[in-house]
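Student: Going line by line, the protein sequences match chains A and B. The first sequence begins at 240 in the numbering used here and counts up by one. The second sequence begins at 11 in the numbering used here and counts up by one.
Among the hints, erroneous ones may be present.
Unchecked claim - Not the full set, but computed from the structure, chain B residues with beta-carbon under 8 Å of chain A:
1) P104
2) L125
3) L129
4) I180
5) P195
6) Q196
7) A220
8) A288
Honestly, the hints are just simulated from the structure, not real lab data. Beta carbons: idealized from backbone N, C-alpha and C, even for Gly.
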Amino acid sequence: MSTDLSHLPPSTPEEIRAMTRNAGLDLPEELMQQFIAAWPAFEAMVRRIPRSLDRAVEPARSYRPQRVARV
Amino acid sequence: MEPDYWPGGSSSGAGAAVAAGFVPGAIGTDTGGSIRGPAAVCGIAGLKPTYGRVSRRGVFPNTFTMDHCGPLTRSAEDIALFLQVIAGFDPEDPGSEDAPVPDYAAGLTRSIKGLRLGLVEHWYALGAHPDLPPAMSAAVEVLRGLGAVVEPVELSSLRDYTDCKTTISIAELYAIHEKDLKTRPQDFGRILRNRVLPGALIRAEDYVQALRWRTVLAREQALALKRFDALLTAGALSVADRADPNQPDRLVSSPSITMPFSVGGLPALAIPCGLSRAEGLPLSLQIAAAPMAEPMVLRIAHAFQQATDWHCRHPDLA
């Protein structure tokens, strides 16, 4: 079993448009074209993230109520 | 060093002003290398302190979990003096660490004889500027000559660190800019817009998995720093780019050699260690150590600068 998502095919321009719309973005066509060109490199990065870390590995983000909820 | 070249980013003005001698020191911000990058290509010193060592209060956020403020100066000694002023706990910064602030200048002149330094050579051995590996080898020989024990150490690839950092960053960055990107995307510059927009397509599980991977990568560095007093690598993989607004975005075109210590949240200092032969532009050495071990980083850098004069070379802008 693959431990990341890098085996998936790159999103097509149509899929990128749909994902962008679903995120609530309404980009002018020129900016959309730029984004369609930019996204594949980021998509590849995200897909290389390992998906099979040990269950006990905590995110590197701690919630400290006395600090965060300070009033 | 050369007005036709880009001074790195994003603390570009701070780096250029210090290099040109307009100011003795400046504050920069560093999420993935924005202090160390300008320092490296401008031939000056730039310190990304430990995450939480210097308050981020009032700074426009980029990536909450990786934003740092720190000094850029010409020498490690000036970094120590500058850091003394800005380091410390700030209850208004949720990421601030409530840890004592040592006297950073006090330990500068201690010998580095016997210190164990781990050289992360595989990060710059391939694909870097051709003059960088020889300059790094020369820097290592200087440190060995001062009595340090330098041995190779292998960590995860730059690609791994860059993927982890970038996934976290773009998700947080998009959250900061979402409203503006939805209402006035044309007001962003092309490069910034295309760095921020991908965050819209990052799923919650991608972000959390990247944060969990960060834990794994940070532990890898912590383990290495049980064997070594500090880690050495290059401060940048190349020299300054020519000032050209149409340059490709390096964030996606090549992995970053500053991002590993952003992921680890470790103190990391870039100092000059040579000049390229073809362009005569600065090359840089990066020194990192355990969390809050800024005194160790500064001690090694100061010893190096007492034995070399790369930090004394300044541009003639007249």
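Student: Each hint should be assessed against the structure and marked as holding or not.
Tutor: A quick look at each hint next to the structure:
| no. | hint | verdict |
| --- | --- | --- |
| 1 | P104 | holds, 5 Å |
| 2 | L125 | violated, 28 Å |
| 3 | L129 | violated, 26 Å |
| 4 | I180 | holds, 7 Å |
| 5 | P195 | holds, 6 Å |
| 6 | Q196 | holds, 7 Å |
| 7 | A220 | holds, 5 Å |
| 8 | A288 | violated, 29 Å |
Consistency note: the structure conflicts with the earlier hints numbered 2, 3, 8.
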